[in-house]
Amino acid sequence: GEKVEQHESTLSVREGDSAVINCTYTDTASSYFPWYKQEAGKSLHFVIDIRSNVDRKQSQRLIVLLDKKAKRFSLHITATQPEDSAIYFCAARNYNQGKLIFGQGTKLSIKP
Amino acid sequence: EAAVTQSPRNKVTVTGGNVTLSCRQTNSHNYMYWYRQDTGHGLRLIHYSYGAGNLQIGDVPDGYKATRTTQEDFFLLLELASPSQTSLYFCASSEGRGNSGNTLYFGEGSRLIVV
Numbered sequence: 004g005e006k007v008e009q010h011e012s013t014l015s016v017r018e019g020d021s022a023v024i025n026c027t028y029t030d031t032a033s034s035y036f037p038w039y040k041q042e043a044g045k046s047l048h049f050v051i052d053i054r055s056n057v058d059r060k061q062s063q064r065l066i067v068l069l070d071k072k073a074k075r076f077s078l079h080i081t082a083t084q085p086e087d088s089a090i091y092f093c094a095a096r097n098y099n100q101g102k103l104i105f106g107q108g109t110k111l112s113i114k115p
Numbered sequence: 012e013a014a015v016t017q018s019p020r021n022k023v024t025v026t027g028g029n030v031t032l033s034c035r036q037t038n039s040h041n042y043m044y045w046y047r048q049d050t051g052h053g054l055r056l057i058h059y060s061y062g063a064g065n066l067q068i069g070d071v072p073d074g075y076k077a078t079r080t081t082q083e084d085f086f087l088l089l090e091l092a093s094p095s096q097t098s099l100y101f102c103a104s105s106e107g108r109g110n111s112g113n114t115l116y117f118g119e120g121s122r123l124i125v126v
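First to last, the sequence lines map onto chains A and E.
Quick note on numbering: the first sequence equals residues 4 to 115 in my numbering.
Quick note on numbering: the second sequence equals residues 12 to 126 in my numbering.
Since the hints were made in silico from the structure, they are not lab data.
From the three backbone atoms N, C-alpha and C, an ideal C-beta is built for every residue, glycine too.
The reader is advised that the hints may include incorrect statements.
Said to hold, decoys possible - A partial selection of chain E residues facing chain A, derived with a Cβ cut-off under 8 angstroms: (1) 42; (2) 61; (3) 101; (4) 117; (5) 120.
Claimed, not checked - Calculated cross-link-like contacts (lysine-lysine; reagent style BS3-like; alpha-carbon spacing at most 27 angstroms): (6) A:110 - A:45; (7) A:45 - E:76; (8) A:110 - A:74; (9) E:76 - A:6; (10) A:40 - E:22; (11) A:45 - E:22; (12) A:102 - E:76; (13) A:114 - A:72; (14) A:40 - A:60.
Please model the complete structure; the sequences and the hints are all you need to start from.
The following block contains the structure:
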């Protein structure tokens, strides 16, 4: 079955700099790649996604890149702010399946 | 915004004990999921369902049963709890699969400790 690997378990960047979180997946049939954010002590919520018919998507300060050949996708957070501090989870899903497989999570800390 | 409510929010039980975690969603979503969150493992899918009476096995189902009694309600059952099941459990729902209704809406989590 699908496996999603999230390469950085922790990441620390200075406020205002960019943060990049990388993920890889194994199932070539995966076609949907969302990102979720979990703030300290809270639940998860959706932040951005990308589908396999595009290789780049941007929503305000968030950019997602998808490299289908390498089976790799990444989340770029530009001009980081203190409220970006959280655990970020990547995930992948096959179009025909109902289940979403998550990576291990990356704890992002924004230093003043 | 979709509402997903879990209960209990915190539970302590003994090894061998019987635990039921409840989840209710009020947005008529088709899909419901149970995940567990553990440090170093992220979120792992236990069971999921795409409608009342339906159950699909996830990636870490051993020691867990689940039942979807209605469109709204999805239960996770631990009939002989073990310390390895100490975890933070999340329920989630979504409208469907494919290109529509992909977003998962999560509950607040249920922290279970098995001593």
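Hint check results:
1. A distance limit of 8 angstroms between C-beta atoms decides the matter here; for residue 42 (chain E) the minimum to chain A is near 6 angstroms, and the interface restraint holds.
2. Annotation: interface hint on residue 61 (chain E) holds; nearest CB of chain A at approximately 6 angstroms, less than 8 angstroms.
3. Taking 8 angstroms as the C-beta cut-off, the interface hint given for residue 101 (chain E) holds, the closest approach to chain A being about 7 angstroms.
4. Given the 8 angstroms rule on beta carbons, the hint for residue 117 (chain E) holds: about 5 angstroms separates it from the nearest Cβ of chain A.
5. At a threshold of 8 angstroms, the smallest CB-CB gap from residue 120 (chain E) to chain A is about 6 angstroms, leaving the interface hint in force.
6. Restraint check for residue 110 (chain A) and residue 45 (chain A): satisfied, since their Cα atoms lie roughly 14 angstroms apart, inside the 27 angstroms limit.
7. For the suggested pair residue 45 (chain A) and residue 76 (chain E), the alpha carbons sit about 26 angstroms apart, so the restraint of at most 27 angstroms is met.
8. For the given pair, residue 110 (chain A) sits about 22 angstroms from residue 74 (chain A) by alpha-carbon distance, which is consistent with the 27 angstroms threshold.
9. With a C-alpha separation of about 23 angstroms, the suggested pairing of residue 76 (chain E) with residue 6 (chain A) holds against the 27 angstroms cut-off.
10. Among the hinted pairs, residue 40 (chain A) with residue 22 (chain E) is consistent with the structure: their alpha-carbon atoms are about 25 angstroms apart, no more than 27 angstroms.
11. A hinted pair counts as satisfied when its Cα atoms are at most 27 angstroms apart, and residue 45 (chain A) with residue 22 (chain E) qualifies at roughly 17 angstroms.
12. With a CA separation close to 17 angstroms, the supplied pair residue 102 (chain A) and residue 76 (chain E) stays within the 27 angstroms bound.
13. Distance check on the hinted pair: residue 114 (chain A) and residue 72 (chain A) sit about 34 angstroms apart at the alpha-carbon level, beyond 27 angstroms; violated.
14. The hinted pair formed by residue 40 (chain A) and residue 60 (chain A) meets the criterion: a straight-line CA distance of about 17 angstroms does not exceed 27 angstroms.
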